[in-house]
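Given chain A, work out where chain B should sit, using these hints.
This is what each chain is made of:
Number of protein chains: 2
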Amino acid sequence: MLWMKLRLGEIGERGIISELTPLFSKPEHVLLGIGDDAAVLKLGENMVVATTDMIQSDTHIPPQMTPHQIGKLVVTVNYSDLAAMGAKPLGILVSMGLPPDMLEEDLISLAKGIEEMATRYGGCMLGGDTKNSPRLTLAGAALGVPYNKQVFTRGGASPGDLVGVTGQLGLGAAGLETLLRGLDPKRFGSAVKAALEPEPRLLEAELLASTGAVTAANDVSDGLAWELYEISAASGVGIEIWEEKLPIPSVVSEVAGELDIDPLELALHRGWDYELLVTLKPGKTELVQQLLEERGYKLSLIGHVTEGDVIIIHTKKDGGGEETGVLEPRGYEHLTSTSRASRLGAWKNRD
Amino acid sequence: MLWMKLRLGEIGERGIISELTPLFSKPEHVLLGIGDDAAVLKLGENMVVATTDMIQSDTHIPPQMTPHQIGKLVVTVNYSDLAAMGAKPLGILVSMGLPPDMLEEDLISLAKGIEEMATRYGGCMLGGDTKNSPRLTLAGAALGVPYNKQVFTRGGASPGDLVGVTGQLGLGAAGLETLLRGLDPKRFGSAVKAALEPEPRLLEAELLASTGAVTAANDVSDGLAWELYEISAASGVGIEIWEEKLPIPSVVSEVAGELDIDPLELALHRGWDYELLVTLKPGKTELVQQLLEERGYKLSLIGHVTEGDVIIIHTKKDGGGEETGVLEPRGYEHLTSTSRASRLGAWKNRD
Chain A
0 MLWMKLRLGE
10 IGERGIISEL
20 TPLFSKPEHV
30 LLGIGDDAAV
40 LKLGENMVVA
50 TTDMIQSDTH
60 IPPQMTPHQI
70 GKLVVTVNYS
80 DLAAMGAKPL
90 GILVSMGLPP
100 DMLEEDLISL
110 AKGIEEMATR
120 YGGCMLGGDT
130 KNSPRLTLAG
140 AALGVPYNKQ
150 VFTRGGASPG
160 DLVGVTGQLG
170 LGAAGLETLL
180 RGLDPKRFGS
190 AVKAALEPEP
200 RLLEAELLAS
210 TGAVTAANDV
220 SDGLAWELYE
230 ISAASGVGIE
240 IWEEKLPIPS
250 VVSEVAGELD
260 IDPLELALHR
270 GWDYELLVTL
280 KPGKTELVQQ
290 LLEERGYKLS
300 LIGHVTEGDV
310 IIIHTKKDGG
320 GEETGVLEPR
330 GYEHLTSTSR
340 ASRLGAWKNR
350 D
Chain B
0 MLWMKLRLGE
10 IGERGIISEL
20 TPLFSKPEHV
30 LLGIGDDAAV
40 LKLGENMVVA
50 TTDMIQSDTH
60 IPPQMTPHQI
70 GKLVVTVNYS
80 DLAAMGAKPL
90 GILVSMGLPP
100 DMLEEDLISL
110 AKGIEEMATR
120 YGGCMLGGDT
130 KNSPRLTLAG
140 AALGVPYNKQ
150 VFTRGGASPG
160 DLVGVTGQLG
170 LGAAGLETLL
180 RGLDPKRFGS
190 AVKAALEPEP
200 RLLEAELLAS
210 TGAVTAANDV
220 SDGLAWELYE
230 ISAASGVGIE
240 IWEEKLPIPS
250 VVSEVAGELD
260 IDPLELALHR
270 GWDYELLVTL
280 KPGKTELVQQ
290 LLEERGYKLS
300 LIGHVTEGDV
310 IIIHTKKDGG
320 GEETGVLEPR
330 GYEHLTSTSR
340 ASRLGAWKNR
350 D
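In order, the protein sequences belong to chains A and B.
Going by numbering that gives the first Met the number 0, the first sequence opens with residue 0, and the numbers climb by one from there.
Going by numbering that gives the first Met the number 0, the second sequence opens with residue 0, and the numbers climb by one from there.
Chain A extracted, bound-state conformation (with noise of 0.2 Å):
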């Protein structure tokens, strides 16, 4: 019998992660290696927290993105993985592969989106390399600090804390279907504004850092499934959640319904939301989402962490009552045709 060598497309992201992982060492100047949406290091009396996060044309822009959109796209995925982990924007590194029939002109746009976005929560442009490429290639890295002493990780929940996820969930999503499946956009603006300018949840991060209250964190740019998941893995618990209390807009409901797909779909496994799910200690909820009501953004309770290892939706029944069932660990990557259980994908996983 041949021993088959196995190619990367058929051994999917967790494959690969699994593979890669144990290969890297930590030293001890690394608080938080692979294992998070960032990397933290001790520096003196400081922490430094670390992330990077790459775009393309093709699979991770949208057609119709404008090159300004895109400069600030390259930041916000990145500014989001700080903000995951509570910590304020030192600036960012964007590695650029450029094609040579690029427009001067476009070229000048993405530099000022990345500039806009840089700078709008403290940071920077801190700079760059620009190489030849026939594909469009953004490689960010962003640096930032704690904004309150210590970060947020995925690891530090337990049961009886509650989960909760600022703004809503499934616009980017049904923003992301209205652009690819040829609806018409002005109809679903809000969804295809969400889509084409997400924004890194930065401030929400510093009000919610502020608290103390958050145990662990994510953002939800795969899907809400999947980072629960990935909060349940880290931290070794179980959650359980509503539908009733997930927040899907309406829009959501309205793209769903033209392309004849369940709107839960697009609201827990599609991702591109950028909102952040967080657990928090109990006692301390009704401070946390009064302080934010306070400065105009909002935060939905939607479970609560349990024992176990699994995560429990609890959906409404077409004729009324409940359904329990266990939800899905299934993400997706915009702008492919693959599953995320598929796929490469994002991999930190390491403490």
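Keep in mind the hints are simulated off the structure, nothing from the lab.
Even glycine gets a Cβ: it sits at the ideal position worked out from N, Cα and C.
Heads up, a few of these hints could be off.
Below, in silico cross-link-like pairs of lysine-lysine (DSS-like), each with a Cα-Cα straight-line distance of 27 Å or less [said to hold, decoys possible]:
1. Lys-41/A / Lys-41/B
2. Lys-25/A / Lys-41/B
3. Lys-111/A / Lys-41/B
4. Lys-111/B / Lys-41/A
5. Lys-283/A / Lys-148/A
6. Lys-297/B / Lys-315/B
7. Lys-297/A / Lys-148/A
8. Lys-25/A / Lys-111/B
9. Lys-297/B / Lys-192/B
10. Lys-244/A / Lys-316/A
11. Lys-297/A / Lys-283/A
12. Lys-148/B / Lys-41/B
13. Lys-4/A / Lys-111/B
14. Lys-25/A / Lys-148/B
15. Lys-297/A / Lys-185/A
16. Lys-25/B / Lys-41/A
17. Lys-316/B / Lys-244/B
18. Lys-148/A / Lys-148/B
19. Lys-111/A / Lys-4/B
20. Lys-41/B / Lys-25/B
21. Lys-283/A / Lys-244/A
22. Lys-25/B / Lys-111/A
23. Lys-41/A / Lys-4/B
24. Lys-41/B / Lys-148/A
25. Lys-192/A / Lys-111/A
26. Lys-283/B / Lys-148/B
Some but not every residue of chain A turned toward chain B, in silico, with C-beta under 10 Å [unchecked claim]:
27. Ser-94
28. Asp-100
29. Asp-105
30. Glu-205
What follows is chain B alone, placed relative to chain A:
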């Protein structure tokens, strides 16, 4: 008359640099922004040095390179920028664009190469991101701290300083030519090894930093001529060098002879050497050379800093006697046929 829209391939790197540089702002916590081999941030009492560099198959990776060597290369190109700043690595982040048909065993070799080079000088692999990509794309972002309180910059050279370079010149370029133009790799083994396994000059950087004698520094990745002009421009000085003092090993002349090109072309304009180019306070050079030699390293003094803004090179004429000319400000991008002046490349210029 039509207003012609320019494309990046027509503008070249210098055009891109001068277009983009004014678009980015520098907040107070950034000591050195776009404008050197790396950015320098202030963090409490500490400085953090941060840089990014990307490599892609076809354009930046010789086809003969093994996955393990490719893994080391993405670290080397980033750590070499830290060396040029006199900074010790804390670690590196790597965003990976991976072809789905890449073999699993090749990815593991590549990761082991990253780990080997990332940890060799006290740093580590901090984390990463994997994405589907038709071309292998590796974007690194390295973090470091000064070996000796202050960083090296390009802008500190003064007339009277001496100019030194570590190791040998032209070796990496000769190795690349051997590989890419079908010469016998066994015959030019030392050059091929230099091309396939370049080493960041961090140990030399540490020794140089300890002397306090360095006034400006650069790495020679893009060719000595180019790097001299970068120091010249940043410091507002001229430089004078002597061909006979350049540390060009005989294998470089042999490869050049086989290809019927001038060995000076390989030594001055091709790069891929990853040596350190420094300017030194004139009174301290003997001490510095002795310190490096004691540890088995070499520092060749090749010229001195002058008033003005051009680089003068003194060469030997065939019939004896000396010829004096202006060194062309010309570099080279490996694995493409374009010269530096008309290509995209590293742009890191603003204070």
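Contradicted hints - numbers only: 23, 30
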